[in-house]
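S.K.: For the protein sequence lines, the chains are A and B, in the order given. Under my numbering, the first residue of the first sequence carries the number 1, and numbering increases by one thereafter. Under my numbering, the first residue of the second sequence carries the number 1, and numbering increases by one thereafter.
Hint data in this document are derived by calculation from the structure and do not stem from the laboratory. These numbers come from a predicted model, not from an experiment. In this text, a Cβ means the ideal position worked out from N, Cα and C, and glycines have one as well. Hints may contain errors.
To be verified - Covered stretches of chain A, as calculated for chain B (at least 3 residues, CB under 8 Å):
| hint | segment |
| --- | --- |
| 1 | 101–110 |
| 2 | 213–219 |
Stated by the list, open to error - In silico lysine to aspartate or glutamate, EDC-like type, Cα no more than 16 Å apart, as pairs:
| hint | chain 1 | residue 1 | chain 2 | residue 2 |
| --- | --- | --- | --- | --- |
| 3 | A | Lys-130 | B | Asp-12 |
| 4 | A | Lys-169 | A | Asp-211 |
| 5 | B | Lys-6 | A | Glu-133 |
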Amino acid sequence: MSLLTANNLSLAFGGVHAVDDVSFSVNKGEVFSIIGPNGAGKTTLFNLISRLYDTSAGSIHFNGQDISQVPTHRIAELGIARTFQNTELFEQETVLRNLLIGQHVHRRTNLLQEFLFLPSARQQELSFRKDVEDVIDLLDLQHYRHQVIANLPYGVRKMVEVARALCIKPSLLLLDEPSSGLNPEETEDLSFQIEDINQEVGTTIIMVEHDMNLVSRTSTRVMALADGKLVAVGSPAEIQQHPEVLKAYLGE
Amino acid sequence: MRFIKKTHYNQDIQLFKHRGQLFWYGALGVALLLFPLVLSEFYLGELSLVFIYAIAGIGLMLLTGYTGLVSLGHAAFLAIGAYTHAYLLAQGWPFPVSLICATLLSSLVGAIIGIPALRMTGIYLAVATLAFAIIVEQVLIHWVSVTGGFRGMAVELPSIGSLSLSDSIAFYFLCLFVLTCCLFLAMNLLRTSTGRAMTAIRDSEISAQSMGIHLAYTKTLAFGISAGFTGLAGSLLAHKIGYLAPDSFTLLTSIQLLLMVVVGGLGSLHGVIYGALFIGLLPQALALLRDTLPPVLAQIPGLEPGIFGLILVLVLIYEPQGIYGRWLKIRNYFEEFPLYRKATHKRQRSYLRTERLK
């Protein structure tokens with residue numbers, strides 16, 4: 001059962017074909033990794049799915065709905081959450097408030113209720129807080145709850161960003177190079193956490209990643225891109241042996 | 001140091017985090033209520049002005065300090081609030097209704113201004129709001145039938161029913177009451193979704209969008225709310241100055257408002273109060289200082305704005321987080337007394353941010 005389907009997806013910046021006629025589909029419950037050399041179009045593909053870029057051609061279907069015209073802010077509501085390659089957190093805020101912002105899509109109160117902090121607003125805050133606390137427990141962020149992001153080490157920021165994305169309660173989570181900048185232990189932890197998110201929470205994950213070790217440990221399937229074109233899709237072992245993939249990375 | 005044992009999420013949500021805070025704010029409240037017994041009319045008037053500045057400052061702080069949108073045109077909203085209120089009072093509307101209508105009208109104008117301003121940030125937005133303020137100033141001059149043009153218009157004395165609010169004690173309490181309400185509303189806003197959406201936009205528009213925050217809606221809302229608070233302050237200011245003329249609301253007023261939130265400390269409601277005290281009381285303090293100086297110094301023209309500017313520059317260089325930021329550091333020093341590390345508040349280099357997409 002496919003959750004996300006991309007059909008002949010293309011994006012060109014002038015003469016540069018960042019993503020060129022790429023089609024793939026991601027099944028419910030999968031961990032789907034995207035690999036490829038620098039400039040292969042991996043992050044661009046993420047930006048297309050999360051609607052930060054408009055597609056030049058082709059379509060993206062999520063849960064059977066065409067999302068290639070949906071406004072950017074509606075993507076989270078539909079159940080797609082993402083992280084960013086170099087972290088894009090709310091720097092001046094505490095971890096807790098960052099995660100609470102992740103709950104924004106579940107807001108049910110109107111402005112008047114919030115201005116007067118009526119009981120409905122308090123109830124909502126309490127339930128948000130409880131859900132946030134579940135995510136904090138899942139990703140072991142208890143120590144950092146009240147710390148301001150600007151003071152946190154890079155590894156923790158990366159986890160906070162994953163946590164914030166999980167607060168949306170997404171059915172599809174896009175992780176953009178989750179292990180970049182992490183040390184080996186943190187990467188090890190990350191692989192368990194990806195497994196937890198995938199299996200315990202039941203979130204489908206698409207991940208852009210360079211660390212092949214992490215990719216082969218966690219992924220169900222891998223897609224290789226090069227120069228914006230799809231090279232191959234298959235199990236991690238297949239992809240590592242694939243002659244076209246080797247060519248893309250190593251040359252002739 | 002104080003360690004709070006938390007047993008319920010409510011403890012993170014409530015406005016007063018612990019008994020100590022409750023005690024000190026309570027003490028401040030009692031002091032404010034008792035001031036009329038000990039202070040002269042002049043000082044009560046000055047304090048009322050500080051309260052009015054603070055109300056306008058809450059508005060600008062929500063926009064600039066929390067949503068990250070700079071406005072150089074907030075004097076315009078002050079003017080819209082003031083003139084609307086004065087006009088409606090002159091038409092015989094009751095005081096509270098007129099106050100609320102002035103607030104709502106400023107808010108509406110603010111939201112409308114917010115729409116074209118959506119695509120602009122930083123310096124461009126500042127210039128756009130500046131242009132708006134100039135337009136409003138021109139309207140005030142030329143719409144003679146409503147505003148009285150250059151001649152200006154008198155403001156009727158405030159009263160609710162038969163209760164007159166025009167003497168300095170009653171007006172002091174009126175301003176104090178409105179300020180308290182505004183602070184309460186602003187604090188509530190900031191601890192719920194809309195307030196968080198505003199701070200999210202300030203820190204990263206890209207990820208705010210990915211978190212499902214509607215940028216255009218939230219920015220327009222921020223403009224509307226901000227203008228509403230400032231308009232409310234404007235209508236109180238109308239009573240304070242008693243006679244409205246276009247030159248009461250110039251670019252200088254806008255800059256003063258902006259300075260107030262910057263000097264007080266961007267991104268905190270405490271900062272608004274400190275900033276209002278600074279802007280409201282410093283000119284008076286400087287005037288008093290001038291009396292004590294030797295005549296050679298005291299006769300220098302433009303001494304007050306000069307010292308005013310100097311203090312400002314010093315604050316911006318040495319304490320970019322404003323008076324409130326400095327206060328936090330001092331408090332931190334005493335809380336951790338023998339263990340205080342100087343580097344705690346050192347600004348760190350921020351990590352690479354995702355390249356801007358739009």
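S.K.: Do three or more residues of the segment 213–219 of chain A come closer than 8 Å to chain B, measuring C-beta to C-beta?
M.R.: violated (count 0)
S.K.: A:Lys-130 and B:Asp-12 were given as a pair; does the straight-line alpha-carbon distance stay at or below 16 Å?
M.R.: holds (12 Å)
S.K.: Are B:Lys-6 and A:Glu-133 close enough, with their CA atoms no more than 16 Å apart?
M.R.: Answer holds: B:Lys-6 to A:Glu-133 is near 14 Å, not above 16 Å.
S.K.: Verify the proposed pairing of A:Lys-169 with A:Asp-211, using a straight-line Cα cut of 16 Å.
M.R.: Distance ~26 Å between A:Lys-169 and A:Asp-211 Cα, so the pair is violated.
S.K.: Verify this for me: three or more residues of the segment 101–110 of chain A with a beta carbon less than 8 Å from a beta carbon of chain B.
M.R.: holds (count 7)
Hint compliance for this structure: hints 2 and 4 are not met, and every other hint is.
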